[in-house]
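Please build the complete structure, drawing on both the sequences and the hints.
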Amino acid sequence: MYARGALGGGSGLPVEVEALCFRDGVLSRCRDKVAVEESYELWLNGSRVATFTCTPDGLEELVYGYLAERGYKPRSLKVSVDQGRLVAEAELERISFTRKSVRFRAEHILKALEALAALGTGFRETGALHGALYFNERGEVLSHVEDISRHCAVDKLIGHLVKSGGDPGSVGFALSCRLTSSIVEKLSSVGAPLVASKAAPTIQGIRLAEKAGMTLLGFVRGGRFNVYTHPERVVFL
Numbered sequence: 002m003y004a005r006g007a008l009g010g011g012s013g014l015p016v017e018v019e020a021l022c023f024r025d026g027v028l029s030r031c032r033d034k035v036a037v038e039e040s041y042e043l044w045l046n047g048s049r050v051a052t053f054t055c056t057p058d059g060l061e062e063l064v065y066g067y068l069a070e071r072g073y074k075p076r077s078l079k080v081s082v083d084q085g086r087l088v089a090e091a092e093l094e095r096i097s098f099t100r101k102s103v104r105f106r107a108e109h110i111l112k113a114l115e116a117l118a119a120l121g122t123g124f125r126e127t128g129a130l131h132g133a134l135y136f137n138e139r140g141e142v143l144s145h146v147e148d149i150s151r152h153c154a155v156d157k158l159i160g161h162l163v164k165s166g167g168d169p170g171s172v173g174f175a176l177s178c179r180l181t182s183s184i185v186e187k188l189s190s191v192g193a194p195l196v197a198s199k200a201a202p203t204i205q206g207i208r209l210a211e212k213a214g215m216t217l218l219g220f221v222r223g224g225r226f227n228v229y230t231h232p233e234r235v236v237f238l
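According to this note's numbering, numbering within the sequence shown proceeds without interruption in unit steps and concludes at 238.
Keep in mind that the hints are not guaranteed to be accurate.
What follows is a list of derived Cβ distance ranges for each label pair [unchecked claim]:
id : residue 1 : residue 2 : range
1  : I96       : E138      : 17 to 25 Å
2  : E90       : K112      : 38 to 46 Å
3  : R71       : L28       : 47 to 55 Å
Within a straight-line C-alpha distance of at most 25 Å, the following computed BS3-like cross-link-like pairs (lysine-lysine) qualify [unchecked claim]:
id : residue 1 : residue 2
4  : K101      : K112
5  : K74       : K164
6  : K74       : K101
7  : K164      : K79
8  : K212      : K101
9  : K164      : K101
Because the hints were derived from the structure by calculation, they are not lab data. These numbers come from a predicted model, not from an experiment. Ideal placement from N, C-alpha and C gives every residue a C-beta, glycine not left out.
So this is what it looks like as structure tokens:
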């Protein structure tokens, strides 16, 4: 690959590289924006517990999300980065999540996915980032993240929600990625009532959502969507 430029990261912002671009039969030099990714080992209270490859921002939220998905919330948390190590010192308490009996209007779900596309500046610049957001029953977008990793995008979104004192069991989640079993499992673990994506589900993702009591929607785009599980949470009229 021919690419030169400032390849350092750290901020999570895209970087520019020089490339050879072939357009309409013409070869020329051009500048292109590319996403930044970093790999981290998560060390929690002195023990290595996980490895992430992600966009290098929102790392505290990443830790919050990782812990929440395992039933923990920090009473206190200090996060630092040391030579590829994400070092977290935390005093933990157990936390449980309850999936609430909330309902979401079809028009609000469609608008949430439209907002996801509109907010995806990193994706428009690089074509490399996944997006995730959560919204309330009134259809208001409350937070949005982008990450090179779809799993870490979900981790960071959950982490932001828990860190800010919000309730994952009372909001809807909109994603840009496929609804695989691993993605559904993350959101199910924090009681997410409804998860919608512009992309497709897998059969394992559908089965897990059905068992968990989660409403799962795919192909949410162009004024349409498919509801695969628990349609009672969607208000169609």
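Now the hints, each set against the structure:
no., hint, result
1, I96 / E138: 17 to 25 Å, "23 Å, holds"
2, E90 / K112: 38 to 46 Å, "41 Å, holds"
3, R71 / L28: 47 to 55 Å, "51 Å, holds"
4, K101 / K112, "22 Å, holds"
5, K74 / K164, "8 Å, holds"
6, K74 / K101, "20 Å, holds"
7, K164 / K79, "13 Å, holds"
8, K212 / K101, "16 Å, holds"
9, K164 / K101, "19 Å, holds"
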